[in-house]
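Peer 1: Please put together the full structure from these sequences, using the hints given.
There are 2 protein chains.
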Amino acid sequence: MQVRSKLQLKGKRITVAIDEVIKLVTGIFCHAGCSEKVAREVSEHLADSDLCGVESHGLMRTLQYVDQFESDYMKAGAEPEIVINKFGAVEVDGNGGIGIPAMNIATEHVCQRAKENGTAAIAIRNVGHTGRIGAFSEQAADNGMLAIIIGCGGRVNWRQVAPYGGCKAILPTNPYSIGIPGGDRGPVVLDFATSKIAGGWIYAARSADALLPDNVLMNSQGEISRDPEDYFRGGAILPAGGAKGYALSVVAEVIADAMLGPVTTEGSWLMIALDTTRYRDPRTMQIIAEEILAELRDCPPAPGFDKVEVPGERERDYREKMKSKGICLPEQTWQQILALSDQFN
Amino acid sequence: MQVRSKLQLKGKRITVAIDEVIKLVTGIFCHAGCSEKVAREVSEHLADSDLCGVESHGLMRTLQYVDQFESDYMKAGAEPEIVINKFGAVEVDGNGGIGIPAMNIATEHVCQRAKENGTAAIAIRNVGHTGRIGAFSEQAADNGMLAIIIGCGGRVNWRQVAPYGGCKAILPTNPYSIGIPGGDRGPVVLDFATSKIAGGWIYAARSADALLPDNVLMNSQGEISRDPEDYFRGGAILPAGGAKGYALSVVAEVIADAMLGPVTTEGSWLMIALDTTRYRDPRTMQIIAEEILAELRDCPPAPGFDKVEVPGERERDYREKMKSKGICLPEQTWQQILALSDQFN
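Chains as they are written, first to last, in the numbering used here: chain A, 1 to 345; chain B, 1 to 345.
Worth flagging that the hints you see were computed from the coordinates, not collected in a lab.
One or more hints might be untrue.
One copy or two, it doesn't matter: identical chains are merged, so the pair holds either way.
Stated by the list, open to error - Cut-off 20 Å, straight-line C-alpha distance, at most; resulting in silico cross-link-like pairs (EDC-like, lysine to aspartate or glutamate):
1. K307 <-> E223
2. K86 <-> D281
3. K86 <-> E116
4. K115 <-> E79
5. K23 <-> E331
6. K323 <-> E55
7. K37 <-> E108
8. K323 <-> E313
9. K115 <-> D281
10. K37 <-> D19
11. K325 <-> D67
12. K12 <-> E81
13. K307 <-> E290
Peer 2: Here's what the structure looks like:
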């Protein structure tokens, strides 16, 4: 089976039934100390990332999350809860647990309040990894919302990216996600790191003994390098779009650490939702959005490209295609997940 | 006097007292048909852009705006007003006038409602040019707000930028601005086009018979070009940060045209405000923001850079420096403004 992946595998892939994977991985997280509910939500989220072709946020994370539970970086038994802070704002306190169920609660809650009030915001604090944040903005957009997710604030532990004009890694890759109802094929979803590449690529290149693309990494002297080892010798990833990605990252860091901080566990997040139906009836909005998106899809491709894509559609198309077939994982990843399951049993 | 400018002038510069400029330009706009209030707000906004060193949005726009009033592209006599749309949301209707006073009203109103409710949004419709949108997010941040401004929607008249992977200009340069209270030197303010360069640079390069920087423009075949004439022969500006700037632009176009549309005059805008004091007391937030920003300012510069800047500080520093000295304009621009004033008198 042909799989869209950024990974160049030495081994082969294996296709597993979605239900089987979710059941197995839910079992692993339960054994690691999660409640049945948390275990299931995390498993479903990871399986969905693989279904969308976003392997970096897929089931391979099972191994990392179990490690992080065992090392007490995250608390397996924690349950997220809605709290009202001392200034009256609504927050989800992750209680030091994994961020995925906290983001699920936050999405549901902020959409509900935006339906009532037109706009709403929610802070998500004391959480570990939040999974693929585009999944939550997509979920909100499916409910008629414009949703904006900004955060991280974890630069003390994750100094990966140089500020524009600087030659030292100071900032995390602080991602942004925005979702909004789209045309006939569903929401437009943007989900990107504010750095030229995600941190994981450095590790992937190191482990594959490969060079990185040009112009994404600098060495400790601020010179462009393609050698991943230069990152570990005091280098830094460049910000996406120069001053622009840098500015987005600074804003995210101020939101997460100065406004919502202090950051614990891994990061803090802000989710803003706005009810689009307060501005236009959904059918008209969809028709006009489809006009815009059709113009983009019809644009003649530039050299080296097959077509122009609409943000969020590639993931959704892949999910549609794969959900009748199953999840197609590197066999090695699947064997590691099976071994972990055997170990717990 | 040394002036920070992107313009390479053939002629010299002249320094004019701020009050004198504002009085003269206010008079011009009054003669063009604006109310005293609108004329003054626009003049003050343009003078402030020059004071901040953002000449592209400064007093040279006086000539363009007067042309646009005369051609009826914008209505000089229009006054913006707050309206409640049929779904109950608050909007500023610019009534076809210039966008600057509409943005002023919107900023004041959205901050007031966010103070009361924690978050608020406002749409700005039926407006011409909105000036420097960073001025409004800065103003909101000065009032303790996180402010996000997104919009445009004017692709039918402003096809300037190719989608990522495409080779035809389809989108406008759809800018974003975000402001948030910062450290000891004031707010962090981000204000950028989602394209690699603003459209004005193409015209500047053409009129100066100059080449553009590398990798910002493609010709009609999608090949990178430095020749501004290629833009006028069916080329396009590239999106900033590739797929990332493109995705931001698509979201802006869907917000402005599908959600807030139909776009009239020039564009539609959405401003979202969130009261940061609902999450942390202002003094603590300022202390932590200053820690973040000081780390960035202290970062060793990369080759070719003097220092790392914090988004929004360059403009503010320049304003502080210049406001006791006056506005330093290209003499030719000032002569044109004087001639326009004489013509009206």
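Peer 1: Evaluate each hint against the coordinates.
Peer 2: Results for each hint:
no.: 1; hint: K307 <-> E223; in the structure: between (34 Å within a copy, 16 Å between copies)
no.: 2; hint: K86 <-> D281; in the structure: between (37 Å within a copy, 10 Å between copies)
no.: 3; hint: K86 <-> E116; in the structure: between (23 Å within a copy, 16 Å between copies)
no.: 4; hint: K115 <-> E79; in the structure: neither (26 Å within a copy, 31 Å between copies)
no.: 5; hint: K23 <-> E331; in the structure: within (18 Å within a copy, 74 Å between copies)
no.: 6; hint: K323 <-> E55; in the structure: within (15 Å within a copy, 54 Å between copies)
no.: 7; hint: K37 <-> E108; in the structure: within (16 Å within a copy, 45 Å between copies)
no.: 8; hint: K323 <-> E313; in the structure: within (15 Å within a copy, 49 Å between copies)
no.: 9; hint: K115 <-> D281; in the structure: within (14 Å within a copy, 28 Å between copies)
no.: 10; hint: K37 <-> D19; in the structure: within (16 Å within a copy, 66 Å between copies)
no.: 11; hint: K325 <-> D67; in the structure: neither (30 Å within a copy, 61 Å between copies)
no.: 12; hint: K12 <-> E81; in the structure: neither (41 Å within a copy, 64 Å between copies)
no.: 13; hint: K307 <-> E290; in the structure: within (17 Å within a copy, 44 Å between copies)
Checked against the numbered hints given earlier, this structure breaks hints 4, 11, 12; the rest are met.
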